[in-house]
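A.B. asks: Each chain, letter by letter, is given below.
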Amino acid sequence: MRILLATIVLASSIYATELIYISKDITEQTLQQLVKKYKQDLILNDSHAYLAPSECLTSRYFGGESENKVVLPRSKTYATPVTITQEVFEADDTQEIEEAILKQVVIQKISGTTPKAFVGDKEGHLFGGESEIVLDLSAQRSIVKEVKVVELRTVSKTKKEEPTQPIVYKHPTCKLLDDGSGYKLFGTQNPSSFKDGILAPISGDIVLFN
Amino acid sequence: MKYIYSLLLTLFMFSGCSSTNYTQPIPSGQVKDSSIVIRAVDGSFKIQGDFQTPFQSTIHYHSMNMNGKKMLKAYYRALQYNAKHVRVKVPSQDKELYGVLVLDDADYRGIGSGAKSYKIIIPKPYVDAARDGKISVVYEYYHIKDDTMFDIDDIKKYSWILWISDEDVFN
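In order, the protein sequences belong to chains A and B.
Oh and the first sequence: position 203 is 203 in this note's numbering, straight run, nothing missing.
Oh and the second sequence: position 60 is 60 in this note's numbering, straight run, nothing missing.
If you are wondering where the hints come from, they were derived from the structure by calculation, not from laboratory data.
Some clues are possibly wrong.
[Unchecked claim] One-sided and incomplete, this derived list gives chain A residues near chain B with beta-carbon spacing under 7 Å: (1) Arg60; (2) Tyr61; (3) Phe62; (4) Gly63; (5) Gly64; (6) Glu65; (7) Ser66; (8) Glu67; (9) Asn68; (10) Val70; (11) Val71; (12) Glu90; (13) Asp178; (14) Gly180.
The model shown is predicted, which means the values in this text are computed figures rather than measured ones.
Glycine included, C-beta positions come from ideal geometry on N, C-alpha and C.
Kindly generate the complete structure, drawing on both the sequences and the hints.
C.D. replies: The following block contains the structure:
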């Protein structure tokens, strides 16, 4: 039975994507700074802080067109091609639009994915143009993919020292749920989320979108 | 006997060719603004808030190509592939809008939430623009799995499409 359950879990985790590791410091002050920097909620597991990769985020795309002129909220224009995600599509004012686009661009750069040139083909034609977003991406250089913890053993002088093996820390992964309502975490131990300044346990390793 | 066995084996092998299915149904969705009601003109369904898919269009399966301004008039073709005439009640207007709704099945290679469920959003600017008999169209799309042979980043697959107007222009 255990083997069957393990097999099912393993099968479910196939095609899961590794969370983006961003910090080993999970004090509240640091978490607040990370949220401010990356414009995303955080996942915490085993004293590590992570971001969800774009593969596990809702990533719904919308568009529109009209025979009449569509009066949209005024906004700065952006040089970086942006995808009309749900937040941008239904935004009511300039601030909402800018926050949504900035969040999208940050996560795309961190994930190393190319922003989709959606605005360029004029579909939806909500936002696009010439101004540049200035982002502070200096923290990106500190992102590491693995944390290697090397344990040194104390041996007797009469014995030859044996070479030590580094213990490679395996980061958790995530996979979008079949109905698209959220994502499931794999390889975690009592994970929690840091959202709106509140630390809360993640029930059943499932993170639901609002 | 050997001849009969070979014939049966051949028939069995070729029977698989006719059952290939490159689409999968999308079973449910949500109208994001729960005050919006979309009802079928023929009375067959009404959707509001969370819903189970009441019908399935097949525009994807028929590779209906629509981009940009062409999308505005593509409702006439969508109706050939099981799109439905609807009336749409939105909170900003007293009178129901006329419309055509596509709830399409998904490309089996589709990725992301848009290929798993519908989320219908009708931003007010598009409702406001659907006046004096002019058409607005809103939609959601998804991408498909990366094929290493071709660049598919720009391929959009529509999950739902809704054309609306304040006048009955969709006949």
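A.B. asks: Decide, hint by hint, whether the structure agrees.
C.D. replies: A quick look at each hint next to the structure:
1. Arg60: holds (5 Å)
2. Tyr61: OK, holds: Tyr61(A) within 7 Å of chain B, min 5 Å.
3. Phe62: Holds, about 5 Å.
4. Gly63: The hint holds - Gly63(A) has a Cβ within 7 Å of chain B, the shortest such distance being about 6 Å.
5. Gly64: holds (4 Å)
6. Glu65: holds (5 Å)
7. Ser66: OK, holds: Ser66(A) within 7 Å of chain B, min 4 Å.
8. Glu67: Holds, about 4 Å.
9. Asn68: Hint holds; Asn68(A) Cβ to chain B Cβ min 4 Å, cut 7 Å.
10. Val70: holds (5 Å)
11. Val71: holds (5 Å)
12. Glu90: holds (5 Å)
13. Asp178: Holds, because the Cβ-Cβ distance from Asp178(A) to chain B comes to roughly 6 Å (cut-off 7 Å).
14. Gly180: holds (3 Å)
Hint check: no violations occur; every hint is consistent with the structure.
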